[in-house]
Amino acid sequence: MSAATKNGGPWQPANEAELDWFKKTLCAHCLDRNGEGDWEDEFGQDVPGECVLHYYAFTSTHHWSVADGKPDCSEFREDPENPARCTETMEMFE
Amino acid sequence: MRLSLPRQDLTRLLTAVTKVVETRNNIPILGNVLLSVEDGQFSARATDLDIEVATSIPVLDATNGSTTVNAKLLADIAKKAGGDVSLDLDGDTLTVKSGRSRFRLATLPVDDFPSFAAGGFDVEFDVDLASLVAPTQFAISTEETRYYLNGVYFHTAEGRLAAVATDGHRLSRHYGDPRDHFEGVILPRKLVSILPKGNVRVSLSNTKVRIHTSNGADGDTTITSKLIDGTFPDYQRVIPTSNGKIVLADRKALATAVERVSTVATERGRAVKLEIAPGQIALSVRGDAEATDSIETDYSGEPIEIGFNAAYLTELLANLSGDTVRIALNDAGSPTIFTGGDDDVLVVLMPMRV
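Protein chains in written order, with the numbering used here: chain F, 1 to 94; chain D, 1 to 354.
Keep in mind that the hints were calculated from the coordinates and are not lab data. Treat the numbers as computed from the prediction; the structure is a model and nothing was measured. Some clues are possibly wrong.
Subject to a maximum C-alpha distance of 16 Å in a straight line, what follows is the list of computed EDC-like cross-link-like pairs (lysine to aspartate or glutamate) [stated by the list, open to error]:
{"#": "1", "chain 1": "F", "residue 1": "Lys23", "chain 2": "F", "residue 2": "Glu42"}
{"#": "2", "chain 1": "F", "residue 1": "Lys23", "chain 2": "D", "residue 2": "Glu315"}
{"#": "3", "chain 1": "D", "residue 1": "Lys273", "chain 2": "F", "residue 2": "Glu50"}
{"#": "4", "chain 1": "F", "residue 1": "Lys23", "chain 2": "D", "residue 2": "Glu144"}
{"#": "5", "chain 1": "F", "residue 1": "Lys24", "chain 2": "D", "residue 2": "Glu143"}
{"#": "6", "chain 1": "D", "residue 1": "Lys252", "chain 2": "D", "residue 2": "Glu315"}
{"#": "7", "chain 1": "F", "residue 1": "Lys24", "chain 2": "D", "residue 2": "Glu315"}
Sample of chain D residues facing chain F (criterion: CB under 7 Å; computed from the structure) [what the hints assert, rightly or not]:
{"#": "8", "residue": "Ile140"}
{"#": "9", "residue": "Glu144"}
{"#": "10", "residue": "Thr145"}
{"#": "11", "residue": "Arg146"}
{"#": "12", "residue": "Gly168"}
{"#": "13", "residue": "His169"}
{"#": "14", "residue": "Thr231"}
{"#": "15", "residue": "Val238"}
{"#": "16", "residue": "Pro240"}
{"#": "17", "residue": "Asn309"}
{"#": "18", "residue": "Met350"}
Estimated spans, in silico, between C-beta atoms of each pair [as the list claims (entries may be wrong)]:
{"#": "19", "chain 1": "D", "residue 1": "Ala277", "chain 2": "F", "residue 2": "Ala17", "range": "24 to 34 Å"}
{"#": "20", "chain 1": "F", "residue 1": "Phe93", "chain 2": "D", "residue 2": "Asp177", "range": "41 to 51 Å"}
{"#": "21", "chain 1": "F", "residue 1": "Pro83", "chain 2": "D", "residue 2": "Ile29", "range": "34 to 44 Å"}
{"#": "22", "chain 1": "D", "residue 1": "Ala311", "chain 2": "F", "residue 2": "Asp20", "range": "19 to 29 Å"}
Glycine included, each C-beta is placed from N, C-alpha and C at the ideal position.
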C-alpha cells in the first residue's frame with residue numbers, strides 16, 4: 001500500500017490497480033458509489049455514475065486518509081444493504 | 001411470427017427470463033429477449049453471458065418465426081396490458097396489441113443474440129436445489145476480491161448432498177439427501193437467487209450447470225449457468241469439533257435482545273458482547289451510548305464472555321429455524337457453532353476482538 005504511512009495521514013492510490021482495490025473494498029459498500037447516478041453523454045452512450053472523489057484520485061484527495069493502517073474515506077456512508085467487511089471480526093481462513 | 005396469448009402467460013414467461021437481464025447493458029442485444037414460435041411452442045430466452053434462462057409454453061394458432069426485443073419494455077407492456085396480448089412481427093418491427101392498446105417495438109436480429117452452448121454434462125440428478133441452498137445464502141460473500149466465495153459450494157460430504165457458503169466471517173452448511181460422490185462446484189450468487197422452487201433436474205459439468213424444471217401445461221424452464229472458476233477453501237477444518245460449552249436459548253428472544261441493544265451501535269462499533277453465566281445471557285453494546293439487556297438460558301457451566309458483530313448475529317438467528325438455538329462455544333477467540341431446529345443446518349460464526 002503506497003501511501004499508507006501513518007494513521008491519520010493522507011492516503012492516495014499509487015496506481016489504477018490500487019484505486020481499483022480501494023473501490024472494491026470500500027467504495028463498493030458506500031451509498032454514494034454511483035455519485036449522481038447514471039447519465040447519458042453527448043453521443044447518447046450510457047455512462048455509469050461514479051463517486052466524484054474518484055475523479056480526483058491522483059490529484060487531490062483531502063477526503064482519503066489512513067485509519068488503522070488501511071485507507072479510509074471521510075465521506076463514506078455505509079450501504080446498510082451491503083455493509084463493508086467487519087474489520088474487528090476474526091478471519092476464518094487465516 | 002404471429003401469436004396471441006393470455007396476458008398472464010406472457011407475464012409469467014417474461015418474468016422467468018428477465019431476472020437475468022442486467023438493467024445496465026453496454027451491449028444492446030443483452031437487454032433483449034429472444035422470442036420464437038416453433039411447432040406450437042412459444043419460447044423466450046435471455047442471457048447476461050454468464051447465465052441463460054430459457055422458458056417455453058404451448059400456444060395455439062401461432063405462426064412460426066423469431067425475433068429479439070427489449071426485455072424490460074415488453075415485460076412492462078405485458079404487466080399493464082388489459083387482456084389477451086397479440087404479438088405480430090412485420091419486418092424489423094414487433095407490434096404488440098392488447099384491447100385498444102397498440103405498441104410498435106424495434107427489434108434486433110436473431111443472429112446477433114449470443115448462443116450459450118452448454119456442451120455435455122457429466123452428472124445428472126433430481127434435487128430441490130432452492131431448498132438446499134436457501135439456509136446458506138446469507139453467508140455468500142459480496143467481496144469481489146474473494147470471487148471464489150461469491151457463491152454456494154455444492155458438493156457431497158459424508159455421503160450426502162451439501163451446500164456451503166462463507167464470507168470468511170461466517171459459514172453456513174446445509175446437508176441434503178444421500179447422494180453418490182461428484183466433483184464439487186461453486187454455484188454463482190446470481191444463479192442461486194433465481195433458482196426455481198421445488199424439485200429440479202440438475203446437470204453438472206466442470207464449467208457449467210443446467211437446471212431444468214417442467215411445469216406441465218405451464219411449460220418448461222431451463223437455466224444454464226457458468227460456474228465460478230476457483231477453489232473453495234477447505235471449510236471442514238474451520239468447523240470446530242470439540243466446542244464443549246453448550247448454551248441453549250430462545251432463538252427469537254435472543255434475536256430481539258440483540259436487535260434492541262444494537263440500537264446504540266455505530267457504524268464503526270458493531271460489537272455485541274455476550275456474558276454467558278449460569279441462568280442468563282447478558283448482552284451489551286457500547287457505542288456513542290451504552291445498552292444492556294439479558295435473556296434466560298439453562299447454561300450451567302463456567303461463565304464465558306464473547307463478542308460478535310451484531311449484524312452477523314441478527315442475520316444468523318433469522319436464518320435458523322425452530323424455537324431454540326443451540327450455541328456451542330470454546331472460548332472468546334474461537335469459532336462458535338450455532339444450530340437451530342433443523343439438525344442439517346449448521347452455522348459457524350467468528351468472534352470479534354472485544
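Exercise for the section: State the violated hints by number, sorted upward, taking the hints as numbered earlier in the document. Expected result: 1, 2, 3, 7, 8, 11, 14, 16, 19 and 20
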